[in-house]
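Enquirer: Take a look at the letters that make up each chain.
2 protein chains.
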Amino acid sequence: MSRLLDLIRSGRGRVIVAIDDPLITLSKFKELVMKTKDAVSGFKLGLPYILSYGLDNIKSVITDFRDTYYIADLKLADIDVVMSLTTKVVCRVGFNGVIAHGFVGLKGGLDGLKSVCDELGVDLYIVTSMSHLGSTETYDLVIDKVLSVVEGLRPTGVIAPATRPEVIRRVRNYLGRTYLILSPGVGAQGATPGSAICAGADLEIVGRAITSSQDFVKASEEVIKSQLKYLEVSRCY
Amino acid sequence: MSRLLDLIRSGRGRVIVAIDDPLITLSKFKELVMKTKDAVSGFKLGLPYILSYGLDNIKSVITDFRDTYYIADLKLADIDVVMSLTTKVVCRVGFNGVIAHGFVGLKGGLDGLKSVCDELGVDLYIVTSMSHLGSTETYDLVIDKVLSVVEGLRPTGVIAPATRPEVIRRVRNYLGRTYLILSPGVGAQGATPGSAICAGADLEIVGRAITSSQDFVKASEEVIKSQLKYLEVSRCY
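Those protein sequences? They're chains A and B, same order as listed.
If you're matching positions, the first sequence starts at 34 in this note's numbering and goes up one per residue.
If you're matching positions, the second sequence starts at 34 in this note's numbering and goes up one per residue.
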């Protein structure tokens, strides 16, 4: 069972903090983890952040705070050999999970990556659709195909956009309760905290609403409070 | 006009060398560039390689050999904000081009990335389909949509798989001669040197067939010779 599920069940807030912008200095990142790790379920580091600071620096923070959960959000979308090499490289520094795109398909793609994740004991999350408008032009046209890829692959979880709750509902209806659904797009991208969970997600991914705040603790508490309030007053999935 | 087109027109071989595996040490990478840069049109560095050695080390090689062309092959596939941040970070070290997935779509995705590439003077290449079998399950189902995304975006070029020459022909027929077509999958992945160019590509991307060789010069010369021979005896696009 995923360590992430353990953390949720232990009562951490249903929030993953997304860290993408290199303007968040390493010491700010460290402060963010230290101050919010007991309130939220984990941290998702984006490609610009990882590239900008380099794996050794990221490792030093992860090593200092092992009692949380770290996802390398490289949005892997390549042939099996390349995605597997990448995963081996990033997971050496202590990441617990990686994210890859469902549109890559299985054969010679995600199937090889899944084997490597299983060997390494790393969780795999598959993007089923994205939060921006462009995603409706392409990704959404093959969402059923992507979901059948997910069923063939059996990853730890999937990614579905908070900005389009109807997509979350569709993903949850299709996949049932077998997979975790992580949902980005809450806060700066427009979705209200709680709305994605209400539509069927397990966790909401929140970036700038927390990372741009002067007070990380207050900002993350506010997001969690807003989630609870939303769930209290809404008829949810 | 792209610097890459200048290099092709100056008579360099129609090969881009792909460097993905961290087993290629930095000094091997440096040797590879030094010895083959006048024979081939450029170098494409994959995500596992860039992550493994870090941007500062990559920069030191690029800075030493400026008279060629470097593509950061991160297969970008995220929202505009994240792809733009990533491109700003990698292009600071001297890359001339980046690769992103057409699957992402325009609005809130590739359109924002294109603006940043234009600001930075960096070439953008869009993946239209991939070389592995899994790509036929998903990507190929929306290839016309992806090609309309390319037309809306007007990047420097596109990526189409050498392992499936019928896809290259389709891409070339759809897009005409406006865009460069770069084609991966030659060598280790199975396509014969010259076959992708014959189908309509401008350049073939060759990785392991050159990078795994004990003699980089000989291996790249052999690929270029094979290309010319293939083109001589075949009825090409």
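No lab work stands behind these hints: they were computed from the structure.
There could be a bad hint or two in this list.
A pair holds if it fits inside one copy or across any two, identical chains being indistinguishable in the list.
[Unchecked claim] With a straight-line cut-off of 30 angstroms between C-alpha atoms, the simulated DSBU-like cross-links for lysine-lysine are: (1) Lys121 to Lys61; (2) Lys92 to Lys262; (3) Lys92 to Lys68; (4) Lys70 to Lys140; (5) Lys251 to Lys140; (6) Lys251 to Lys178; (7) Lys63 to Lys92; (8) Lys61 to Lys178; (9) Lys178 to Lys92; (10) Lys178 to Lys262.
Enquirer: Within a copy, between copies, both or neither: where do Lys63 and Lys92 come within 30 angstroms Cα-Cα?
Expert: Both: 11 angstroms inside a chain and 27 angstroms across chains, each within 30 angstroms.
Enquirer: Within, between, both or neither: how does the pair Lys70, Lys140 come out at a Cα-Cα threshold of 30 angstroms?
Expert: neither (37 angstroms within a copy, 34 angstroms between copies)
Enquirer: Up to 30 angstroms between alpha-carbons, please classify Lys251 paired with Lys178: within, between, both or neither.
Expert: neither (41 angstroms within a copy, 44 angstroms between copies)
Enquirer: Please work out whether the CA atoms of Lys178 and Lys92 approach to 30 angstroms or closer within one copy, between two copies, in both situations, or in neither?
Expert: Close neither inside one copy (36 angstroms) nor across copies (40 angstroms); limit 30 angstroms.
Enquirer: Checking an output row: Lys178 and Lys262, CA cutoff 30 angstroms. Within, between, both or neither?
Expert: Neither: 35 angstroms inside a chain and 41 angstroms across chains, both beyond 30 angstroms.
Enquirer: With 30 angstroms as the alpha-carbon cut-off, assign the pair Lys61 and Lys178 to within, between, both or neither.
Expert: Neither. Shortest intra-copy (40 angstroms) and inter-copy (41 angstroms) distances fail the 30 angstroms Cα cut-off.
Enquirer: Regarding Lys92 and Lys262, is the shortest C-alpha distance of 30 angstroms or less found within a copy, between copies, in both, or in neither?
Expert: Neither: 36 angstroms inside a copy, 49 angstroms across copies.
Enquirer: If the cut is 30 angstroms between Cα atoms, do Lys251 and Lys140 qualify within a copy, between copies, both or neither?
Expert: neither (46 angstroms within a copy, 33 angstroms between copies)
Enquirer: When no copy is named, should Lys121 and Lys61 be tagged within, between, both, or neither for a Cα gap of at most 30 angstroms?
Expert: both (27 angstroms within a copy, 21 angstroms between copies)
Enquirer: Between Lys92 and Lys68, at a C-alpha cutoff of 30 angstroms, which is it: within one copy, between copies, both, or neither?
Expert: Classified as within; 18 angstroms inside a copy, 35 angstroms across copies.
Of the numbered hints given earlier, the model fails hints 2, 4, 5, 6, 8, 9, 10; all others are met.
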